[in-house]
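Number of protein chains: 2
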Amino acid sequence: MPKISHERKAERRAEIVAGARRCFAREGYEGATVARLEAEIGLSRGAIFNYFESKADLFLAVVEQTSLEYTEIWLDRGFRALLDEIVRADADWLAVQLEAIRRFRTDNEFKRRAQEQDRRLAETRPDRMERLRAQGLRDDVPLETVGIFLGIVANGLALRVTVADPLPDLDELFELVQTGVAPRRPR
Amino acid sequence: MPKISHERKAERRAEIVAGARRCFAREGYEGATVARLEAEIGLSRGAIFNYFESKADLFLAVVEQTSLEYTEIWLDRGFRALLDEIVRADADWLAVQLEAIRRFRTDNEFKRRAQEQDRRLAETRPDRMERLRAQGLRDDVPLETVGIFLGIVANGLALRVTVADPLPDLDELFELVQTGVAPRRPR
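Note that the protein sequences, when read in sequence, are chains A and B. Those letters in the first sequence? Residues 0 to 186, per numbering that gives the first Met the number 0, in order. Those letters in the second sequence? Residues 0 to 186, per numbering that gives the first Met the number 0, in order.
FYI, nobody ran anything at the bench for these hints, they're computed from the structure. Since no wrong hints were added, every one of them can be taken at face value.
Pairs involving identical chains hold if they fit within one copy or between any two copies, as the list cannot separate such chains.
Here are the simulated SDA-like cross-link-like pairs (lysine to any residue), alpha carbons at most 25 Å apart as the crow flies:
| hint | residue 1 | residue 2 |
| --- | --- | --- |
| 1 | K54 | Q64 |
| 2 | K110 | D164 |
| 3 | K110 | G27 |
| 4 | K110 | L166 |
| 5 | K54 | G27 |
| 6 | K110 | A24 |
| 7 | K110 | E29 |
| 8 | K54 | A163 |
| 9 | K54 | D164 |
| 10 | K110 | P165 |
Isolated chain A, as found in the complex:
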């Protein structure tokens, strides 16, 4: 077997994740058969499952990648930029992620893998909190809660995109959020 460089491996893994996201978004988790995943990704099952142990593993990698992309936008470009990205998100993929939540609650393989993922993510948490702190938020409420609040708003907006309810004016929405999290002026 030819040797593939570390870089080439990472690229290929990213291609697989991107193709799988398109396939899951269109077909749903159940509908995304291995044959459809092969067709969309453009690689054989042998090649795909060289990188991922199972379809569940691949699905969770797509969920994790999506979450990382949005977290990076938030921490790098700010919460207003995140709101813009959310309303431009692929609602089909959002809906498939929501559909899968029930599977995370009831399917043991999903549950176990999601917990592993949570543990991995927890390692990078101090760095994320540090970057959040640098955004100049109020400090009379624990930063942890401010972060959870902003995450709740982001996820609530994503849910709204998914059910196709009318979207708010994002400047107005941001004004409400920003007032909530900005440092308090002395009384």
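Starting from the known structure of chain A, fit chain B onto it as the hints suggest.
Same frame as chain A, now just chain B:
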């Protein structure tokens, strides 16, 4: 057939909705077969489908009832009370509702019925906005956006309950929300 009073009919309809909610929460939409719905509700399919045209119709009635209950808590007892109720909600039922969002997007009967429901709900909207206005919110941002913001926070928190992520301190969360929507002091 014996005549049933209007009141008795409303009671029976409510019993069916409550039993169906338990069944859908436990089994999921697909898993809630007519036989399982009969067993949980304690009525025959004839009796159940005398009140609802189809399983989709029954499911949407449960979704609508849930939404009405939470809206009533919000408008009657305030947003802080709503947060309390959300963290006490049945996460299994929340997960089944999220799972069904994809069906709303892809299944034409679901789509059509959901649109009918939206139209019915729209009729009661002026009353809801009036009751929201009475809660004394800031008026430099349109009340519509303030309402959407609060709904986004409620749904984002519900999503968090469903995925079993650690919950924030609700007093701290409410403090952030409240700062965001309270009338602005003059500068």
